[in-house]
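Sequence lines, in order, name chains A and B. Under this note's numbering, read the first sequence as residues 387 to 546, first letter to last. Under this note's numbering, read the second sequence as residues 2 to 215, first letter to last.
Counterexamples of contact, computed for chain A against chain B with all Cβ distances above 10 Å:
hint	residue
1	L446
2	Y481
3	A488
Not everything, but these chain A residues come out facing chain B in the computed CB check (under 8 Å):
hint	residue
4	Q435
5	L436
6	I437
7	V469
8	R471
9	G475
10	T477
Keep in mind that the hints were calculated from the coordinates and are not lab data. Using N, Cα and C, we set each Cβ at its ideal position, and we do this for glycine too.
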Amino acid sequence: MTATPASSTASDAKVTDHSARQHWIGVLARSRRAELLAHEAALRDAEYQLIRAPEIGMTLVRGRMGGSGAPFNIGEMTVTRCVVRLADGRTGFSYLAGRDKAHAELAALADAHLQGAQQAHWISDLIDPLARAQDVRRAQQQAETAATKVDFFTLVRGEN
Amino acid sequence: MSTSLATESLPASLLQPAFADPVLDAQRSFRAALKALAGPGVAQSLLATQTPPHLEGLAAASHALCLALLDIDTPLWLAPKFDTQAIRANLTFHCGCPIVSDRQNARFALLDDSQLHDLSGFDLGNDRYPDQSCTLLVQLPSLQGGTQLAWRGPGIESKNHVSLPLQEAFWQERESRNDFPRGIDVFFVAGSELLGLPRSTQVAFKPQTSKGAA
Chain A
387 MTATPASSTA SDAKVTDHSA RQHWIGVLAR SRRAELLAHE AALRDAEYQL IRAPEIGMTL
447 VRGRMGGSGA PFNIGEMTVT RCVVRLADGR TGFSYLAGRD KAHAELAALA DAHLQGAQQA
507 HWISDLIDPL ARAQDVRRAQ QQAETAATKV DFFTLVRGEN
Chain B
2 MSTSLATESL PASLLQPAFA DPVLDAQRSF RAALKALAGP GVAQSLLATQ TPPHLEGLAA
62 ASHALCLALL DIDTPLWLAP KFDTQAIRAN LTFHCGCPIV SDRQNARFAL LDDSQLHDLS
122 GFDLGNDRYP DQSCTLLVQL PSLQGGTQLA WRGPGIESKN HVSLPLQEAF WQERESRNDF
182 PRGIDVFFVA GSELLGLPRS TQVAFKPQTS KGAA
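Isolated chain B, as found in the complex (with noise of 0.2 Å):
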């Protein structure tokens, strides 16, 4: 009896705390997730004492985005890195989302930067509802260390600099799927800072190739 006990609480046994403060805590986050988005190539940072005990695998910042963002009504895809049983049983208790195998159907992903060649599937929105686009929280080793980009657009008022740790193949797979009004947010997370890159942002990241040619 004691054996099959056991067994049905093993993932009970994987639970953790989240917030301290479920109700204020998950407002700093959201309201840091907003200015991030606001405020593009701008790193925010979430103070220690608002953010969620470690859950293995997951970023400070990660944990806590997801913790704000998700619920019963937004489907989460997670990245093999992340697809462990102590992460999929915290989120889907404490936050109640359903986790898809789809890309399709996601509302949400988490993402490590072994994906960011392959943006495939992912729910740009439609015409009408834009808003319905998958939104990707990329968690990186750290937010800075790449070559320096510069970034344009609303939110940013002549050009931010930012030199996140990414392959070109990223920037083309979100230029090829950047049809505006249609298209991807992506929050890039290292640590406890996060960084807002929502779909009206402009980045050149050509090489200037074309400069030495012309």
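Only chain A is shown next, with the shape it has when bound in the complex (with noise of 0.2 Å):
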């Protein structure tokens, strides 16, 4: 503790930090196995252990009518989670849709890798390829929805 930033700068600095790991978290969880394993030798190429190892369970999945309305449950879908520990002592976690488990792993080591020293290196190999893949996906399926739109309207109905 050799400075002692102002507490506004330190929240700040933490929000960024949570945010951007909301980010990479997110978009690994999005990633397809294919695209991880790319990486798999790199992500491997550390001592690690796994605090849980990879293991298959069910979440309730909620939503709300309109994005506004009041909650209501859709029903459970299969999510893999995985925790795995450098040998440094950084933990990271993951949480994916589906039940492939090596998938599960191979998240959890990027996202324990990305909070550590080599961080920008990470992110600009992995992550922001990542994203733009996905952003891709995203932009191509609303172009491909968006073609089957149609506007409703209403006539004025006789109602008197």
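Using the supplied hints, reconstruct the complex from the two chains, each of which is provided in its own coordinate frame.
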């Protein structure tokens, strides 16, 4: 504790770290297995132990009608989660949709690596390309969906 | 930035692996717990291969019982000796159990031998739901070495001689809170061994003074 930053600066930094981590965990969760497998050698190139070996479970998905209504339960979905720790103590977490244990382990490893000194390297090498691929996929799907959009309009009904 | 990350990940750095085989090891520990309660006073041993890695402050069998018995629906009360960051972090992480500071809200309690003279506050269940009582996990240095007492009751053919290293105050506390069907079930744990004391077991702990006087 040589420098004591003003508390607001410290909490700002914390918020930034937090949202940066939310971003990369989200990107890892939406990544495809093959995309992470391409980085498997680099991700596994560290001593690590499994704090929670990959395990499959269910989680309840809730939604809000129109995004703002009262919450309701949509149903349950399968998730796989995993926690790893690298030899230097960094702990990586992952939660993924589906039943792919290898994918969950790689995503947890990526989260652990992303918290270290090599963060910039991992972001430019792993997270940014994955995020771009996901943006492309999402835009493509939105375009396909938009093409099927139908505008309903109601003519004046004879209500009186 | 790195400092704030380090402080954030402090609890995470205390985490350690639990059961090697989460399903089967938990089932084996649960089976041992069932046998311990079904045959009060008979020590059950857990094999080293089926106990979790050492967690500072917890005996192997206490750790295994916690992992097997606790989940999100079982609030846990910790004696001060066990209320460490490592134990809190690992039990909350692996079991998901809430840790409560009020004995009344606990379904399980982890105690050491310094707590046994006062069992006040623990939930004894009620007449309709006696199963809702708090179960005590008591970690002892050994399951031997105390005064030998005769245990009788369900699960014991005639009587079992058990010499737990306990003060008489514990037996008085237990008897004063035993209002069948309400009461407290206890697991005594030392090393990788456990021994059950359900509320239905009668223990003749009173010194033989009455006999001498008669």
